[in-house]
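These are the residues of each chain, in order.
2 protein chains.
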Amino acid sequence: MTGARQPLGIGDVRRHHLSVVLGELVDRGPRSRAALAQRTGLTKATVSALVADLLDRGLVEELATPPAGRVGRPAIDVAASAGHVAGLGLAVDVDHVAAGVVDLTGRVRVLHRRPSDNRAARLGTVLDRLRRVAARALGDAEAEGMACVGGALSLPGLVDPAGTLLVAPNLGWTAIAGDDLVARLGLPAGIAVTLDNEANLAARAELRFGAGRDLSSFVHVSAGVGIGAGVVLDGRLVRGAHGFAGELGHVVVDRTGRPCACGSRGCLETIAGSAADASSDAVAAALAAALRSVVQIIDPQAILLGGSLAGRGDDFAAAVGDRLQGAALSARWPCDVRPARLGPDAALIGAASVALDAVVADPTLVPRRSPADRTA
Amino acid sequence: MTGARQPLGIGDVRRHHLSVVLGELVDRGPRSRAALAQRTGLTKATVSALVADLLDRGLVEELATPPAGRVGRPAIDVAASAGHVAGLGLAVDVDHVAAGVVDLTGRVRVLHRRPSDNRAARLGTVLDRLRRVAARALGDAEAEGMACVGGALSLPGLVDPAGTLLVAPNLGWTAIAGDDLVARLGLPAGIAVTLDNEANLAARAELRFGAGRDLSSFVHVSAGVGIGAGVVLDGRLVRGAHGFAGELGHVVVDRTGRPCACGSRGCLETIAGSAADASSDAVAAALAAALRSVVQIIDPQAILLGGSLAGRGDDFAAAVGDRLQGAALSARWPCDVRPARLGPDAALIGAASVALDAVVADPTLVPRRSPADRTA
Numbered sequence: 001m002t003g004a005r006q007p008l009g010i011g012d013v014r015r016h017h018l019s020v021v022l023g024e025l026v027d028r029g030p031r032s033r034a035a036l037a038q039r040t041g042l043t044k045a046t047v048s049a050l051v052a053d054l055l056d057r058g059l060v061e062e063l064a065t066p067p068a069g070r071v072g073r074p075a076i077d078v079a080a081s082a083g084h085v086a087g088l089g090l091a092v093d094v095d096h097v098a099a100g101v102v103d104l105t106g107r108v109r110v111l112h113r114r115p116s117d118n119r120a121a122r123l124g125t126v127l128d129r130l131r132r133v134a135a136r137a138l139g140d141a142e143a144e145g146m147a148c149v150g151g152a153l154s155l156p157g158l159v160d161p162a163g164t165l166l167v168a169p170n171l172g173w174t175a176i177a178g179d180d181l182v183a184r185l186g187l188p189a190g191i192a193v194t195l196d197n198e199a200n201l202a203a204r205a206e207l208r209f210g211a212g213r214d215l216s217s218f219v220h221v222s223a224g225v226g227i228g229a230g231v232v233l234d235g236r237l238v239r240g241a242h243g244f245a246g247e248l249g250h251v252v253v254d255r256t257g258r259p260c261a262c263g264s265r266g267c268l269e270t271i272a273g274s275a276a277d278a279s280s281d282a283v284a285a286a287l288a289a290a291l292r293s294v295v296q297i298i299d300p301q302a303i304l305l306g307g308s309l310a311g312r313g314d315d316f317a318a319a320v321g322d323r324l325q326g327a328a329l330s331a332r333w334p335c336d337v338r339p340a341r342l343g344p345d346a347a348l349i350g351a352a353s354v355a356l357d358a359v360v361a362d363p364t365l366v367p368r369r370s371p372a373d374r375t376a
Numbered sequence: 001m002t003g004a005r006q007p008l009g010i011g012d013v014r015r016h017h018l019s020v021v022l023g024e025l026v027d028r029g030p031r032s033r034a035a036l037a038q039r040t041g042l043t044k045a046t047v048s049a050l051v052a053d054l055l056d057r058g059l060v061e062e063l064a065t066p067p068a069g070r071v072g073r074p075a076i077d078v079a080a081s082a083g084h085v086a087g088l089g090l091a092v093d094v095d096h097v098a099a100g101v102v103d104l105t106g107r108v109r110v111l112h113r114r115p116s117d118n119r120a121a122r123l124g125t126v127l128d129r130l131r132r133v134a135a136r137a138l139g140d141a142e143a144e145g146m147a148c149v150g151g152a153l154s155l156p157g158l159v160d161p162a163g164t165l166l167v168a169p170n171l172g173w174t175a176i177a178g179d180d181l182v183a184r185l186g187l188p189a190g191i192a193v194t195l196d197n198e199a200n201l202a203a204r205a206e207l208r209f210g211a212g213r214d215l216s217s218f219v220h221v222s223a224g225v226g227i228g229a230g231v232v233l234d235g236r237l238v239r240g241a242h243g244f245a246g247e248l249g250h251v252v253v254d255r256t257g258r259p260c261a262c263g264s265r266g267c268l269e270t271i272a273g274s275a276a277d278a279s280s281d282a283v284a285a286a287l288a289a290a291l292r293s294v295v296q297i298i299d300p301q302a303i304l305l306g307g308s309l310a311g312r313g314d315d316f317a318a319a320v321g322d323r324l325q326g327a328a329l330s331a332r333w334p335c336d337v338r339p340a341r342l343g344p345d346a347a348l349i350g351a352a353s354v355a356l357d358a359v360v361a362d363p364t365l366v367p368r369r370s371p372a373d374r375t376a
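Note that the protein sequences, when read in sequence, are chains A and B. Quick note on my numbering: the first sequence kicks off at 1 and runs consecutively. Quick note on my numbering: the second sequence kicks off at 1 and runs consecutively.
Please keep in mind that the hints were generated in silico from the structure rather than gathered at the bench. In this text the structure is predicted, and so the values were computed from the model without any measurement. Note that beta-carbon positions come from the ideal geometry of N, C-alpha and C, so glycine has one too. One or more hints might be untrue.
Label-pair distances were calculated between CB atoms; the ranges are [what the hints assert, rightly or not]: (1) A:R119 <-> B:G11: 51 to 61 Å; (2) B:E144 <-> A:G326: 50 to 60 Å; (3) B:P259 <-> A:D281: 44 to 54 Å; (4) A:G326 <-> B:R39: 47 to 57 Å; (5) A:T43 <-> B:G235: 28 to 38 Å.
In silico contact screen, one side only, chain A against chain B (beta carbon under 8 Å); selected entries [claimed, not checked]: (6) R15; (7) G240; (8) A245; (9) V252; (10) Q301; (11) S308.
To give an idea of the chain A side of the interface with chain B (calculated C-beta under 10 Å), a few residues [unchecked claim]: (12) N170; (13) V219; (14) V238.
Just chain A, same shape as in the assembly:
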């Protein structure tokens, strides 16, 4: 067993408690200090001190006094702040570049998307396009008084655990170190951006803000020309040893089928990818066949159909679910199949949430503000 055991120091405990309180507010919405104390098991005095710390960092805010009608001193609710700290989401896909700014409550506050054929363009040209939309997004965020603390760049390719893009076949990009790529975007110092796979980031967004919010395990299918998936188990994204977990598009559903660009035959992508232009029924049948393997191997609570599949609606999801239940083992304990919720910007939201998750895990990443700032 690989040991990740580490002792805890006093600072760790305080960080952990700050994270507990901020996480409650982000996950479950505004509530009073007393309710926070009850929910977390911390004393009211401890919660008050932690909230004061989080206020000082601009991570939470006090909501206006609730309407009168209750006797006694009104409880003031505390909420995750939508006003100060934000995450930056960047995306390059085959047909567009985009940059967005997402606040701690998951709202997309700024979005710039520029259609462009990135398959035909040189790397430098694509990065120039991305640099321009990123600069505009950051400018808009600043104008609204928001500070981006970091983020991620979504790419339609395989990213290894060290953050290197191994290959993005549809862009023709191979072996690019994340740091090198990000350096060419000319982002302001202090905004750390990592690379990640589009399907992983979309799943992450659905987990935090979308259809996966109340699930601890699901597979989010992200369909377009290619078909990727984000695998979430125990509330965490599974990346795989080499970074290519979730390559659902290359699960073989028909050994005698069409050749796939990957070198195999009858991969899901050759039938259900948008380029295959197959009938809805054929797509549902191929998806169900590939998802049967998913269910047998990891038995998730639900399958979320995202990307272009989300637009096919509830009836299509139900059709896939019916075919999946035709498999005997899963018939008895069905796996729920439903559309994803966040639409085409899921990966961008997920990219921004990388930074937001880091802040929730360790609120001390955001410095305390000076007294002058606080009165502003």
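Assemble chain B onto chain A, guided by the hints.
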């Protein structure tokens, strides 16, 4: 996102530190207090106090003074104790019942296995057989001065997250609550036993004591009449939402193949299960096809071939690995395929380790011994 965030109290921190120290000794073998301090980042004084506590609970022991030859006071090594606390492993399979006792270092100290055709027998008869081997194993352990703190019962079937056996097709057992089943074994009070799936427990044993010891992610294939698998990610077993993760035997590898008992066609089990009596080449090809889906979906570091597959040796594992790499995506980042290490008693060892893992996670589960006991 489902929140498992909890605040930490002082007792939690101490428990955590005890767990850190005991875990180091169990995972990495004997070492001095100074080495433990260096490795864990705790002060030497803290480590000494924690070791004293663990000595008092009989969980660690001091090794004899190392041979002379070094100047100064010799460092005394501390080791996980093989002498006091143990886990009880129980197993029912189609052709035998077994009970074993495993110490904190992973050694099987007692093993009683009784061949019997459990397919033809009534539930009560099978439980009587198990009760007898369990009583003998516990008697032998007591004679050696060891106390079993708990364990698990390995079954060839699906066990849900609440510990209920949903179905064990080859035994003809369905819907048995774990507590009811265990109550019929007449175990002494204080020995808590839960039910688990054979493939899960075998994977758990390989993770803690076998071929998975240095891996954080792997899939352990447990082959016999049926084919199950244990999926380990981030050093933890993946159970699935309904308890049937790892049902590798029912991944379809040939849509037009033989009907399977599960109601589908061409499941891996119909080709590579021992009842199919297929050639080694056909088994390797079918395994590789099913494992390709595993690799695409979760991208583990390695595949461990256990059960009857382990006996086929390194050449067979290499043949499966070669066929798996034939799939283009994994060719570039190959997944290691190798035989498992613990042999036919892997599930029994895993069953015992359920209790040992609980003790490592929280050493305070084992009470401090009275002064009289300590001098004994």
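Results for each hint:
| no. | hint | verdict |
| --- | --- | --- |
| 1 | A:R119 <-> B:G11: 51 to 61 Å | holds, 59 Å |
| 2 | B:E144 <-> A:G326: 50 to 60 Å | holds, 53 Å |
| 3 | B:P259 <-> A:D281: 44 to 54 Å | violated, 24 Å |
| 4 | A:G326 <-> B:R39: 47 to 57 Å | holds, 53 Å |
| 5 | A:T43 <-> B:G235: 28 to 38 Å | holds, 34 Å |
| 6 | R15 | violated, 11 Å |
| 7 | G240 | holds, 3 Å |
| 8 | A245 | holds, 4 Å |
| 9 | V252 | holds, 7 Å |
| 10 | Q301 | holds, 4 Å |
| 11 | S308 | violated, 20 Å |
| 12 | N170 | violated, 14 Å |
| 13 | V219 | holds, 8 Å |
| 14 | V238 | holds, 6 Å |
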